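Start counting the sequence shown at 1; every next residue gets the next number (my numbering).
FYI, nobody ran anything at the bench for these hints, they're computed from the structure. These figures come from a predicted structure and were not determined experimentally. Using N, Cα and C, we set each Cβ at its ideal position, and we do this for glycine too. Careful, some of the hints might be misleading.
To be verified - For each label pair, taking beta carbons as the anchor points, the in silico distance ranges come out as: (1) I83 <-> V326: 31 to 41 Å; (2) G205 <-> G316: 48 to 58 Å; (3) A69 <-> G287: 36 to 46 Å.
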Amino acid sequence: MKAMVLCAGLGTRLRPFTERWPKPAMPFLGQPLFRYHLAVLRAAGAQAVGINTHHLPDVMASTARAECARVGLPLHVVHEPVIQGTGGGIRGLRDFLAGDDFIVFNGDILFPVDLRPVVAAHRASGAAATMVLLPMPENEKYAAVEMDARQRVRRIARFGPGGEGLSPWHFTGVHVMSSRVFDFMTPEGPEDINRDVYVRMMEAGLTVRGEVVRSYWSDLGTPSRYLSTVRDVLSGQVPLEGLGADSPFASAPRSQGNYWANPSARAGGAQVTGPAHLDAECSLADGVRVGAFVSVGARARVGAGARLERCAILEGTEVAPGEELVEVMAWGAHRVPAPLTP
1 MKAMVLCAGL GTRLRPFTER WPKPAMPFLG QPLFRYHLAV LRAAGAQAVG
51 INTHHLPDVM ASTARAECAR VGLPLHVVHE PVIQGTGGGI RGLRDFLAGD
101 DFIVFNGDIL FPVDLRPVVA AHRASGAAAT MVLLPMPENE KYAAVEMDAR
151 QRVRRIARFG PGGEGLSPWH FTGVHVMSSR VFDFMTPEGP EDINRDVYVR
201 MMEAGLTVRG EVVRSYWSDL GTPSRYLSTV RDVLSGQVPL EGLGADSPFA
251 SAPRSQGNYW ANPSARAGGA QVTGPAHLDA ECSLADGVRV GAFVSVGARA
301 RVGAGARLER CAILEGTEVA PGEELVEVMA WGAHRVPAPL TP
């Protein structure tokens, strides 16, 4: 089985950080977000991975190459000079993906799910595609995927043939597809896999299934959601056992007290109450106070007397002596408010 990670998005809601990293390459608790995707896909049986690039293509490709080489997975890269949308992005890897069922995974989520039962159910059903779904999150405005009692998707974001007795679900950004999807794509130009390609398939009588899972899921597309996901992981709300050696804590053993630190991190005379994560070669000067839900990135420097609480400091950032960072993401000179979501 092969898999594709969608990596061409612009990341506009996460600027200025995405001026340095495409979203799937963003550092998250000591490693690129892309590493978590690979762990899920490898566990599901993926033996080769493809990506599409557009925004910061060299950064994205080099990150993906390093991560795939790290675990011995072949990588196929297709660059989109003009962004093609989710449908056009998948179409661009047709030669790589066609021939067997394959997985497509959004590059900007944290979703440590076991996809093996989903793949098995998809193959047994004979469906043309399976969308991985969750119950609709409370107080969110995601467009609904509407499914009938036979698990057939009948409408997506109000597009599609519809029907009676439909129930709304949340789409996770993960699909399992057969090669039949390529028959319903336009030859060229941008298009959306959900609102365009799947709608054509449903109207032609093909089955697009929904498979409901129970797993933690987070969209890291805004500073608030990024930092809230840091909180969820550090507070133990995210089951990470399935990630194995790719867990963010694998290279950062738990220290005395409620925090995890890479062996090369230097906490000095800092007071760390946590839960917190200190990445490789970061340095905390004397008198630094580190409270709950703090991530200090690789090679970051925190000056004497600084106070950190509910914040993410990205790699290489310098925090001035006495500076207070609360509910912000920090990178370089940028301090971006990131109020935690409920």
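Hint check results:
1. I83 <-> V326: 31 to 41 Å: holds (36 Å)
2. G205 <-> G316: 48 to 58 Å: holds (54 Å)
3. A69 <-> G287: 36 to 46 Å: holds (41 Å)
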